[in-house]
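Chains as they are written, first to last, in our numbering: chain A, 2 to 294; chain B, 6 to 786.
I should point out that these hints are in silico values taken from the structure, not numbers from a laboratory. Certain hints may be false.
[As the list claims (entries may be wrong)] Straight-line Cα separation of at most 20 Å, SDA-like style, residue types lysine to any residue; simulated pairs:
| id | chain 1 | residue 1 | chain 2 | residue 2 |
| --- | --- | --- | --- | --- |
| 1 | B | Lys772 | A | Ser267 |
| 2 | B | Lys772 | A | Ala268 |
| 3 | B | Lys772 | A | Asp262 |
| 4 | B | Lys772 | A | Thr272 |
| 5 | B | Lys697 | A | Ala268 |
| 6 | B | Lys697 | A | Asp262 |
| 7 | B | Lys441 | B | Gly313 |
| 8 | B | Lys138 | A | Thr272 |
| 9 | B | Lys655 | A | Arg281 |
| 10 | B | Lys700 | A | Ser267 |
| 11 | B | Lys772 | A | Asp263 |
| 12 | B | Lys700 | A | Ala41 |
| 13 | B | Lys772 | A | Gly42 |
| 14 | B | Lys697 | A | Asp263 |
| 15 | B | Lys559 | B | Asn570 |
[As the list claims (entries may be wrong)] Pulled a few chain B residues facing chain A out of the computed Cβ check, cut under 8 Å:
| id | residue |
| --- | --- |
| 16 | Thr151 |
| 17 | Thr285 |
| 18 | Glu650 |
| 19 | Thr651 |
| 20 | Leu702 |
| 21 | Arg707 |
| 22 | Asp708 |
| 23 | Glu771 |
| 24 | Ala774 |
Using N, Cα and C, we set each Cβ at its ideal position, and we do this for glycine too.
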Amino acid sequence: MINIENYHRPSSISEAVQLLQQGEATIVAGGTDLTPQIEAGARQFESTLINIQRVEEMRGISVTSGRYRIGGLTTVTDILESTTLAADIPVLVEAADHFASPQIRNAATLAGNLCNASPAGDMCIPLLLLDAQVELVSWIDESVSTRRLALCDFFIGPGKTVLQKNELLTAVEFKQPVAGFSASFQKSGPRPALEISTVAMGFAGVLEAGVLRGVRIAIGAVAPTPLRATATELVLEGRSLNESAIAQAVEAVQEEVKPIDDVRASAWYRTHLSGVYIRRALALFQGVTAHAA
Amino acid sequence: MSSIKMGKAIQTSPVFEKKTIIGQRVTKPDAPDKASGRTVYINDMVLPRMLFGKILHCDRVHAKIISIDTSAAKALAGVHAVLTGYDIPELKFGPTRDNRTLKAGKVRCIRDEVAAVAAESEQIAAEAIGLIKVEYEDLPPVFSPTEALKQGAPVVHEDHPDNRSLSYEFSHGDVAAAEVNSDIVIEHEFEVPYVTHCCMGPGCVIADFETNGKLTMYSQTQYPYNYKMDLAPAVGIHPGDIRVIQPPVGGAFGSKLDVYPFEPICALLSKAVGRPVKLTFSREEEFINSPTRQPAEFKIRSGVNKDGTLTFRSVDCLMNNGAYTSWGPTTPVIQMRTFTGHFRVPVVEYKGLAAYTNSVYAGSFRGYGNVQATFVTASVMDMLAEAVGMDPIAFRLKNAQKPGEVTPQGSKLDDCKLRECIEIAAEKTDFLKKYKLYAQDRVNAGRIKHGIGIATSIHNAGGAKIHKSDGCGSILKLDDYARATLITGASEIGQGIDAVLSQIVMEELGIPMSDITIVNNDTALGPWDVGVHASRTTFVTGNSALRAAKAARKQILRAAARQSNVSAEQMDLREGHVVQADNGVSIIKLDKLLRQMHFAEEPELVMVSEYYEPDSELEDKNHVGNLSATWAHGAYVAEVEVDTETGEVKVVKMTAVQDVGRVINRLGIEGQMEGGISVSLGYALSEQLQIKDGKVLNPNFRDYKVPTAPETPEIELHFVESDCKASPLGCKGIAELPAIIPAPAIANAVYNAIGVRFFAPPLTPEKVARALHDQVPDNTQ
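All chains should be built: construct the whole structure from the sequences, respecting the hints.
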């Protein structure tokens, strides 16, 4: 049953978090996850609905002295069409391109995708590669209060984050990757459109004097949260890319993922695909870096 | 149009060339409104004073109903009626009368309807449903048909203590002897899944019980005339007191070929409140409660001699009946024809049995049992070919029937085009060259493996006589302006019959399509028809319309001949004129002639009615008889790429060759074939309603994967046109074969690519990857 008693359309972050502070509120932006969850009875509206679509300061992509900032209300289409990101951070654009369908991309926001905290959330993967931080804002002691948190510490379980009830995810920030940074995004599924990942994998790193540095591996749909595969990263860090390193990485990643059996795939298949994808990611990386060199 | 001078007169008469609309590409008349959003579908309809119905489905799979408390629901403001199975008489319905509307006593599957509400809004109805309290006592359930048939299994229906539902047996010749005399005998088991129709318009009905006791149903049904007969016992009224109106629907594909409980429940709600009531399924309800394709397990033994001659085929089919019987367990009637009659098999045997379980139940679905049969036979044909060392084409040609042969069940293959279909399919795809190349390449390293595969089948293409009549009536009238109205029994459920019937009228009467109106959505107006099924609509209702159009034409030309020195035989109707057939010169404008006929001293309206009954036979009790007036074959070739690491199968190209008799609407037939291929692509690779312990695990489009545009392959179509003698129009029914044949062609192509045979569709990436992984030790990855 829809039992919304109050509806607000704040036009600033300050206004939004003051409303949030009053409690019992549901935030809606694109609504592409919220609406089906409500429809399915998996979630209920709180008594207050706050539509944050008019908070313009939460929208847009900017770069300030080597630091990228993407507003929480930026849509997946905005990311897909950003020439800045296409030039500087193509892996983000690639993930956006794999995201749902054009209609959903037009409405779905970055903050929504992160706060939904699906282990299969597509946008989480490239942002984990970029060591992104989330900006969480609340209203404390009659003023706006901001805290920043590494994205990898933001997720705590399927659909669960450390976001407090009075907090709003206003933006995502990350530093410009170091020179030579190369990243890839892969996603599986029996059909390309509107696919929930069986496994999604992001890989990033730099090739320095023939050895791998700054290895980042992020995997979707293989654990309760989008996973940073730190053990596998360590296996590869400082290694030259030979068959033995690749084989060890495959073994490590298959050890590190903790998938479940569900209606989409078995744990066995997700583990298998993780191995396939790390091998492909490394081949891609090798191809790109060889080309660059 | 041109003109020539007539005698001394200055006035000239226009001249019209003979043109034909048959075989042309014609836009469906309903397409512009559908494309622009103007169409009012049944789901959009609102009637004055209409209330909204909702059903409480049980959350158990097998349980006694101890009590139902509806008091809180009844007390809710805006609720007009709450019904349970204890408020209404026990009215049985369904093909075997084993179902009832609202359940009482016990529930047998997750779909069971326990209570229903009529309220001012959908929201209030939903809230009221949430207030109904039902107390159950669980009973031990049974889900597998094999388990259900064992001694001591839980009993689903007390009047069927052995859980046996429908059964079928057919045999021809001595299987044991044939087996002894066969050089090679193979036996395999197949299992086919639950899949569902995925109509874009979810289940919806509006029932309006009038004060005079008559019932009007606004229904999605695709068989309106028999629907009245099937609905009546569920509501407890006379079939003659039911009027069925068919607003535009968002798809049916066989799913609306039966009465499902929500329809009579809606009628009972309307009766209770004295107002129209609309009941609509949510997408989730649609996935859970609408019928599926019949799942089944097959055991098939087949024999062949070293020279490649088929010797026998023996099939055991075990079907999960689910809790009640809809059309699913009757599909062996069609399925059997393929097992016993596809290719020349001298000795055949078929046994089919459906067992009651606490699972959901299946209905009819485009292909009607032949989808399952063709997956099995087309796979086995490839295995037999390999066993005798022949290629798939030569082996099939060796065993293909010739025109005039009759199958053991009596299907008369008078104009059999099976050989042509196979030969064209092989030639157009360069089949043998690719087949050998890909098979050799299997042993080489490489992530992507290519494969090519063929499958063929046979299907009824001249209706299917499963009722005493398989006919259709047509009433055709022309008004004073030469506008024609065809009132037909044919139902339009999106398949495009309105365009086809307009073409037929246009061809005979020489009037433009835009001057033809098709009326076919009201049983109070339309004459009898058996409905949209069995690929029969163009064949049966088209030939009925042709009769009516010919009768009207005859009447018009007779009248024209009376006032002209040209005989009726020397006249033709072209572009709104009566013309001389030899030179096309106009004799009189058609509308002028019609007015002259109408306002004559002995007035005459052009208004004819005709009935067409195809030349087919009911089966006898041994399942023998020429069930369809004609039969058609098809041969489809799939070309695939298999990713041997992820197991993903990509269909690159589908080449379809089909005997269609004669193309009527080229655009329509292309649409039907492409759509059918998409249905079969899903069956082959991705679609499966996952049911565990009687519950549906993926009742949504996120996890039930219908093919989308990007994975649709390139499609190449070839029509074999034979001008079918059994059909006055020359056409054959075409709509089901495209949904039947592609899946096993894909499975055969996957075998060609990777050497793995799959016995249970869909070939999901995981299934393919697992099979490849189990073949190869892990360390060789």
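Right, here's what the structure says about each hint:
Distance restraint check for Lys772 of chain B and Ser267 of chain A: the Cα-Cα separation of roughly 10 Å lies within the 20 Å cut-off, and the hinted pair is therefore satisfied. The straight-line distance between the Cα atoms of Lys772 of chain B and Ala268 of chain A is roughly 13 Å, inside the 20 Å bound, and the hint therefore holds. Distance restraint check for Lys772 of chain B and Asp262 of chain A: the Cα-Cα separation of roughly 14 Å lies within the 20 Å cut-off, and the hinted pair is therefore satisfied. For the proposed pair Lys772 of chain B and Thr272 of chain A, the alpha carbon gap of about 14 Å is at most 20 Å, so the pair holds.
Restraint check: the Cα-Cα separation between Lys697 of chain B and Ala268 of chain A comes to about 18 Å, which is no more than 20 Å; the hinted pair holds. Note on Lys697 of chain B and Asp262 of chain A: the hinted pairing holds, with a Cα-Cα distance of about 14 Å set against a maximum of 20 Å. Simply put, Lys441 of chain B and Gly313 of chain B have alpha-carbon atoms about 19 Å apart, close enough for the 20 Å limit, and the pair holds. With a C-alpha separation of about 44 Å, the suggested pair Lys138 of chain B and Thr272 of chain A falls outside the 20 Å cut-off, and the hint is violated.
The straight-line distance between the Cα atoms of Lys655 of chain B and Arg281 of chain A is roughly 19 Å, inside the 20 Å bound, and the hint therefore holds. Pair hint Lys700 of chain B plus Ser267 of chain A holds up; C-alpha atoms about 19 Å apart against a cutoff of 20 Å. Of the pairs offered as hints, the one joining Lys772 of chain B and Asp263 of chain A holds, with about 14 Å between alpha carbons and a cut-off of 20 Å not exceeded. Under the criterion of a C-alpha separation no larger than 20 Å, the hint pairing Lys700 of chain B with Ala41 of chain A is consistent with the structure, at around 16 Å.
Taken as a hint, the Lys772 of chain B and Gly42 of chain A pair is broken in the structure, with Cα atoms around 32 Å apart against an allowance of 20 Å. Of the supplied pair hints, the one linking Lys697 of chain B and Asp263 of chain A holds, its CA atoms being roughly 12 Å apart against a limit of 20 Å. Proximity of Lys559 of chain B to Asn570 of chain B is assessed by CA-CA distance (about 17 Å); at most 20 Å being required, the pair is judged to hold. With 8 Å as the threshold, the beta carbon of Thr151 of chain B stays out of range of chain A, its nearest partner Cβ sitting at about 24 Å, so the hint is violated.
Hint on Thr285 of chain B is violated. Least Cβ distance to chain A is approximately 14 Å, over the 8 Å limit. A cut of 8 Å between beta carbons decides the hint on Glu650 of chain B: the least distance to chain A is about 5 Å, and the hint holds. Because the beta carbon of Thr651 of chain B sits about 6 Å from the nearest beta carbon in chain A, less than 8 Å, this interface hint is met. Satisfaction of the interface hint for Leu702 of chain B is found here, the shortest Cβ-Cβ separation to chain A being roughly 5 Å, below the 8 Å cut-off.
At its closest, the beta carbon of Arg707 of chain B sits 6 Å from a beta carbon of chain A; the interface hint therefore holds under the 8 Å criterion. A cut of 8 Å between beta carbons decides the hint on Asp708 of chain B: the least distance to chain A is about 5 Å, and the hint holds. Interface hint at Glu771 of chain B: satisfied, since its Cβ lies 4 Å from the closest Cβ of chain A, which is below the 8 Å cut-off. For Ala774 of chain B, the interface hint holds, since its Cβ comes within 8 Å of a Cβ in chain A; the closest pair sits about 6 Å apart.
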